[in-house]
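J.: The chain contents come next:
Number of protein chains: 2
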Amino acid sequence: MSSRSRISLALRRARIAQPIRPQHLRPLSQIRWQSTASTEDSEGVAKGTTGTSKIVKFTSETYPEIKRDSRFAEITEEHVKHFKELLGKDSAVIDGVTKDATDDIEPFNGDWMRKYRGHTKLVLKPGSTEEVSKVLKYCNDNMLAVVPQGGNSGLVGGSVPVFDEIVINMSRMNQIRSFDEVSGTLVVDAGCILEVADGYLGERGHIFPLDLGAKGSCHIGGNVATNAGGLRLLRYGSLHGNVLGLEAVLPDGTIVDDLSKLRKNNTGYDLKQLFIGAEGTIGIITGVSIICPQRSNAINVAFFGLESYEKVQEAFKEAKGQLSEILSAFELMDSFSQDLVHNVTKNKRPLESEYPFYCLIETSGSNSEHDNEKLEKFLEYVMEKEIVLDGVVAQDETQVKALWGWREGIPECLGHWGGVYKYDLSIPINELYDLVEDTRKKITDAGLIGEDEARPVVGVVGYGHMGDSNLHLNVAVKRYDKKVEKELEPFVYEWVAKRNGSISAEHGLGLAKKNYIGYSRSGTMVALMKQIKNLYDPNGIMNPYKYI
Amino acid sequence: MSSRSRISLALRRARIAQPIRPQHLRPLSQIRWQSTASTEDSEGVAKGTTGTSKIVKFTSETYPEIKRDSRFAEITEEHVKHFKELLGKDSAVIDGVTKDATDDIEPFNGDWMRKYRGHTKLVLKPGSTEEVSKVLKYCNDNMLAVVPQGGNSGLVGGSVPVFDEIVINMSRMNQIRSFDEVSGTLVVDAGCILEVADGYLGERGHIFPLDLGAKGSCHIGGNVATNAGGLRLLRYGSLHGNVLGLEAVLPDGTIVDDLSKLRKNNTGYDLKQLFIGAEGTIGIITGVSIICPQRSNAINVAFFGLESYEKVQEAFKEAKGQLSEILSAFELMDSFSQDLVHNVTKNKRPLESEYPFYCLIETSGSNSEHDNEKLEKFLEYVMEKEIVLDGVVAQDETQVKALWGWREGIPECLGHWGGVYKYDLSIPINELYDLVEDTRKKITDAGLIGEDEARPVVGVVGYGHMGDSNLHLNVAVKRYDKKVEKELEPFVYEWVAKRNGSISAEHGLGLAKKNYIGYSRSGTMVALMKQIKNLYDPNGIMNPYKYI
Chain L
9 MSSRSRISLA
19 LRRARIAQPI
29 RPQHLRPLSQ
39 IRWQSTASTE
49 DSEGVAKGTT
59 GTSKIVKFTS
69 ETYPEIKRDS
79 RFAEITEEHV
89 KHFKELLGKD
99 SAVIDGVTKD
109 ATDDIEPFNG
119 DWMRKYRGHT
129 KLVLKPGSTE
139 EVSKVLKYCN
149 DNMLAVVPQG
159 GNSGLVGGSV
169 PVFDEIVINM
179 SRMNQIRSFD
189 EVSGTLVVDA
199 GCILEVADGY
209 LGERGHIFPL
219 DLGAKGSCHI
229 GGNVATNAGG
239 LRLLRYGSLH
249 GNVLGLEAVL
259 PDGTIVDDLS
269 KLRKNNTGYD
279 LKQLFIGAEG
289 TIGIITGVSI
299 ICPQRSNAIN
309 VAFFGLESYE
319 KVQEAFKEAK
329 GQLSEILSAF
339 ELMDSFSQDL
349 VHNVTKNKRP
359 LESEYPFYCL
369 IETSGSNSEH
379 DNEKLEKFLE
389 YVMEKEIVLD
399 GVVAQDETQV
409 KALWGWREGI
419 PECLGHWGGV
429 YKYDLSIPIN
439 ELYDLVEDTR
449 KKITDAGLIG
459 EDEARPVVGV
469 VGYGHMGDSN
479 LHLNVAVKRY
489 DKKVEKELEP
499 FVYEWVAKRN
509 GSISAEHGLG
519 LAKKNYIGYS
529 RSGTMVALMK
539 QIKNLYDPNG
549 IMNPYKYI
Chain X
9 MSSRSRISLA
19 LRRARIAQPI
29 RPQHLRPLSQ
39 IRWQSTASTE
49 DSEGVAKGTT
59 GTSKIVKFTS
69 ETYPEIKRDS
79 RFAEITEEHV
89 KHFKELLGKD
99 SAVIDGVTKD
109 ATDDIEPFNG
119 DWMRKYRGHT
129 KLVLKPGSTE
139 EVSKVLKYCN
149 DNMLAVVPQG
159 GNSGLVGGSV
169 PVFDEIVINM
179 SRMNQIRSFD
189 EVSGTLVVDA
199 GCILEVADGY
209 LGERGHIFPL
219 DLGAKGSCHI
229 GGNVATNAGG
239 LRLLRYGSLH
249 GNVLGLEAVL
259 PDGTIVDDLS
269 KLRKNNTGYD
279 LKQLFIGAEG
289 TIGIITGVSI
299 ICPQRSNAIN
309 VAFFGLESYE
319 KVQEAFKEAK
329 GQLSEILSAF
339 ELMDSFSQDL
349 VHNVTKNKRP
359 LESEYPFYCL
369 IETSGSNSEH
379 DNEKLEKFLE
389 YVMEKEIVLD
399 GVVAQDETQV
409 KALWGWREGI
419 PECLGHWGGV
429 YKYDLSIPIN
439 ELYDLVEDTR
449 KKITDAGLIG
459 EDEARPVVGV
469 VGYGHMGDSN
479 LHLNVAVKRY
489 DKKVEKELEP
499 FVYEWVAKRN
509 GSISAEHGLG
519 LAKKNYIGYS
529 RSGTMVALMK
539 QIKNLYDPNG
549 IMNPYKYI
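Order-wise, the sequence lines are chains L and X. End of the first sequence = 556 in our numbering, gap-free, step of one. End of the second sequence = 556 in our numbering, gap-free, step of one.
Calculated directly from the structure, the hints in this document are not laboratory data. Keep in mind that the hints are not guaranteed to be accurate.
Copies of the same chain look alike in the list, so a pair counts if it fits in one copy or across any two.
[Stated by the list, open to error] With a straight-line Cα cutoff of 20 Å, these simulated EDC-like cross-link-like pairs (lysine to aspartate or glutamate) come out:
#1 K142 to E497
#2 K145 to D404
#3 K538 to D265
#4 K393 to E445
#5 K325 to E82
#6 K328 to D188
#7 K450 to D149
#8 K538 to D260
#9 K385 to E322
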């Protein structure tokens, strides 16, 4: 047996015992809120700044410097009556104004990380674009502030109210409108859940060009409003390229009817692009038209251990060169992230030994023989050159899911101890991991990391979409703590700004980063953005206190 | 020998005798203008509406309904003095105001199709973004209208003046600013020629994600300003996805410093998208940052003959399915287009027999063995199923170029007789070719087509980027003629509007389609666009009389 085939065999040995299923976000209804009397200690629930309390502080308490804008009207019974008449059915209005509906409303007030919590007393669920238009026009005429809300799976507090803004929840607009199999053009309601659309496409030989951990609960409208990046961007590009058309409603009720199904359409300013990544600050997206690629017959996933970040870069360069058109993901995970996943899930690790870095590579193509040959050649090369120290290749669908679980499971596992400070950054690839090391050192030097209860930090981990130069720096904590925050900010933002990176690669600004945009954008750019905001939302009712 | 290998051998037989080199647009300096006394009958030069005259009519004469906007100032000697001081060198100002410079200025007044001709007496060539800023601010303050001009290879009259607008030509800003081999990010001046950038990238294992016939003269800034589509869109997507950052100057001199090199950057409204496809109506693009894919090792080109448009659709569906990730072009050419190319070039046809339709397929991938195998399997399938009647595969680079010449040579060959009415349309794929047949019938019924000099039309041909549902409907004429125009318009636009297509897939609106945008966009959308125009260019000095 030649040395080449031995390496290959070793790589193909299946070592995965207990597949983890990628955990999607739990539906909001399953998350317990402070208003319930339960004493159960749910996993992944932040314990608030008070340490052991399960109470999530109001955003208005956490950030007392944010004041309610007095230009906005308070919601009255008359307003509620109007909305009830407008939306017809009872289920479309959750009314905490004329009666006590705290339990029903709380899930719409808080985010899934339990970091933000608003005071809204009214949730509206319009069932059509026309209803969205009428609701917004009324709000605009009456100076009622609103928060557009999709699956509420955001990480920056963008989709929940700060004060008493009305939540406009899009979950009732959840239909697939049309799909054309020849062109691959899908048209959906904004409230259609990503996984539902992807499943629908799967039955028709296509995939959605975006994939992310929250796919089981996030809405496509929300994905577009936040310009979500995710796992498939490396292969299929950004939503700015894939979204062919949008339907949206401006605060004054104007319906932006830009729902083109054409791949090419050069007839005037591409206004829909402004709504992609606007985080609901200039209008509400109600419909999306998007080009969807064909589903690949052959999917391969490999998982490696590497000795240094330098080797990770080498592996990435080789993967780009050798796997080229079939490379569909190149994900980075450091040992700290994998240790935490292991601690929480107790699953058997994919590799026998432990390494400082791990990578997950996915290929997808039309011919499994060709893809296997390319992948095997690549694996032999990186093993022989000692770029990679060990690796496994998934042998079936279950193992594919199991390997992905070690990557996709990170965000949920990190929440196990209480809370997570999450930073989503674009950094030039050669310096990308330096930030994790510098941050870990800073937190360690400050004496904030340790097992004893007095030290808030559990771990400082780095992972992310290497292929897009996109690092997720996460600091897992037992509780949210101002001392930790002070070490992290503005340190992280200054570090990124110095390298011309982005302080928000794919998660958006929301409330979390409103004050930090200056680290990634010049004053001129911010002024130009404010001009756009004022143009479309002169009353400022759309998702106030956030974004820019 | 099995039947399968016989088919395969037949296909691989090289039948191409005289390769045509794809003809790029001639540099402007080589095009002769009416002001020269030459009697030489250059190929590809429209003869004007007067029949045999070589004089290109002024746009203001062709469209007498367009009136000069009296708000704009007339250029004075004082203005010219200011610009000369501002731009320093003599070569940066072509001054037809204080002296006679007609010969020098004429190439900047007219388009390469010889359909449009302006009256400018001043051409400015700024050498830096700061100079562009100072020039624009001065023009804005003094109500001097301007036309941004790149390689002037546009097809809709967008890059030449109508009256005395100052031409701001970007050819002096032609440098490659930086390239990062790991991420593939290229940063260039707006005036960098597409082919120069692509050549530079080629030496570094990458390609520009856009390719089009005019690559030898068009500027990247112009490509972005017109959101050019071209030959690689099928594989690499649109500029809205690939452009990572822009530097642009607003009419008031503000420099929009949005030249991000990051693949992911969700920090505020994506303003750069407004400039992509704005055709110079809200500002001038001065720099472009763009993500460039790796160059493929293996390029294959095949050329087929097919008996009907139904078969073309079948072939496309099979190509998408079987060639999937390596398919990089699927181009359609009808027999009329190929006959005209043959008449002009006298080159030997790629196939022995003639067919109603031809397709060109290109694959590009990282492994030539794999790609050959996929292509051969595809070819065997489409031959056996009689989807395709005959075909050849290029055996070397020369043959690749020769086959592409039968597609890329169409626009230039069509101009051989005098002029071309060009329509660039997005149409649902199943109805795409119907328009060519309906138009040909209409022109024939009107008695306008024929060999005798009295009949202006030489041929009605259809070709284009099948993969993007993008049809180029071209009507080759001996002379531009109002009778032909009356048959074509608004017929073509109404036909497309009925099918929810686009009246401008990739060429833009310019002057040619300013009045027809209503066929593709609602009144609401046009009103929203005008709002953007007014926001950035309240004085209306940027490329007036055009776009929306």
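J.: State the violated hints by number, sorted upward, taking the hints as numbered earlier in the document.
T.: Per hint list: 1, 2, 4, 5 and 7 violated.
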